[in-house]
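J.: These are the residues of each chain, in order.
Protein chains: 2
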Amino acid sequence: MIDVLIIGTIGYDTVETPFGKRIKALGGSATYASVAASFFSKPGIVAIVGEDFQEQHRQLLSSKKISLVGLKQIRGKTFAWGGKYEYDMNDAKTEFTDLNTLLQFDAHVPEEFRNTKYVFLANTDPVLQLRVIEQLKQPEFIIMDTMNFWIQTKKSELLEIIKKVDVLLMNDGEARMLFNTLNLLQAAQQALKLGPKFVIIKKGEHGALLFSDGKHFNAPGYPLEVIKDPTGCGDCFAGGFIGYLAKENKKDEATLRKAVIYGSIIASFNAEEFSLDRMNTLTYSEIEKRFTEMKEIMEF
Amino acid sequence: MIDVLIIGTIGYDTVETPFGKRIKALGGSATYASVAASFFSKPGIVAIVGEDFQEQHRQLLSSKKISLVGLKQIRGKTFAWGGKYEYDMNDAKTEFTDLNTLLQFDAHVPEEFRNTKYVFLANTDPVLQLRVIEQLKQPEFIIMDTMNFWIQTKKSELLEIIKKVDVLLMNDGEARMLFNTLNLLQAAQQALKLGPKFVIIKKGEHGALLFSDGKHFNAPGYPLEVIKDPTGCGDCFAGGFIGYLAKENKKDEATLRKAVIYGSIIASFNAEEFSLDRMNTLTYSEIEKRFTEMKEIMEF
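Same order as they appear, the protein sequences are chains W and Z. Positions 1 to 300 (my numbering) are the ones given, in order, by the first sequence. Positions 1 to 300 (my numbering) are the ones given, in order, by the second sequence.
Since the list can't tell identical chains apart, any single copy or any two copies may satisfy a pair.
Here are the simulated EDC-like cross-link-like pairs (lysine to aspartate or glutamate), alpha carbons at most 16 Å apart as the crow flies: (1) K197 / D213; (2) K215 / E293; (3) K258 / E299; (4) K215 / E299.
Read the hints as simulated data drawn from the structure, not as lab findings.
All chains should be built: construct the whole structure from the sequences, respecting the hints.
T.: Spelled out as structure tokens, the structure:
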């Protein structure tokens, strides 16, 4: 039995940063989010890969007790993305996006996953995100992410699905674009009017903001001396966030605030090394140590 | 008797933002910082103005119980600055800088100010900042600000004076430039090695970071729905910060953290209206209300 359902991509990333380059490293939103969630609970993923998906990567995910029942492997190549981070490390410049087998992704949720209460819809086509929701039997808490591409090409579908989720998760640039304002507070207020009980705006190294009706929480970014590769940090945030909620099995404001802090912490570890390297060595006691530090950083 | 000494500029600002335009409004670092400090303590300023300095502006400062004994008025025109904020409101594009009488500023500290314990050296020529320090008899806590121009033109003098202060205050762009790193944690660590006990890095709407040996405090920006004019926010931060410290007459880490929050709050009010308009209506109970809100915003 899983307790968190994650729908997203598994892919091979070719990433260059000022600290080095990795060719065809394991990546993708479902990968990062499920590994992050696995520190707190038992995730299952719905994703698609091609023939080139490596056995060692399947084993890596399995070793984290991530259920791969919803992982479909078909003919063709796995989704691949290439990006480069310049000196300021804030935004990746996409160098290529080969959708490959992702074009055949139907977001079919296996029967045994359909009762899952906590669901993360990582960034994908809003049409697929909606299809997932329609398959769920008793979702209690759905979080969705999106990106600029869908805001530009499928805005009306996107607005429809936002009405059906509990948490809308976006980065600051996306929030500004979707709600046509530079002011994040205004963007969040507009988002809340659409229906979600909570809105989370990720601000990279500046942390994350959690908005609910009349309330606001500001989580700082954990201060890192070296950021080697920010790829996957947003999905690690989401995975850590929903993983913690599922573990606590609570959806109140106080628990969400702690979940935001845990999400930020997992993301901060992820940025310390390329690909999933840091996730692979990370221990729960390291996470707890950083949680205590975050308390100290915010105390006055 | 004053309890905070502030050295900086008084000027007339011509400012344009997406919300309007003001021509020759009262501005300048000493103006904003002293008005901000006046909510907590009794500031005195050392600054220079020309013949065109208006009586109503002298009265405005006096009405805040700011000592003007160190305000020199000479022949010529008052320092004037013009700037324009684009839609994103983060950085002003300078349209003109007329130094005028500022060229004759000698930073002479009146005898009766020389025993002041809490001192803010607003952004000016490091040579003048040093001259001020040399005139002080028993400074206990000196805060200095600076800007890109001095980093580029007088870096060695700047590094010398940094060694003599208790707090180095800079914005994020300046910190990155001065210490030649994009990483703010690294920049702060390098700054602390020069001698100051504390380093504060202002991040505009993202808040401020306070660093001391081995410790770190992250204050969020107060969430504003409308930012009309950010001119003077950095100086309001500094004025509120040192004003609170002088009121408490304490220099420990816990008091500094509270002072950072009060500085952020005064800056947030200042951005709500043009020039000093919001400062002129601001009450202490409004400040205290926002202090409570800041606690709630950071609580988890």
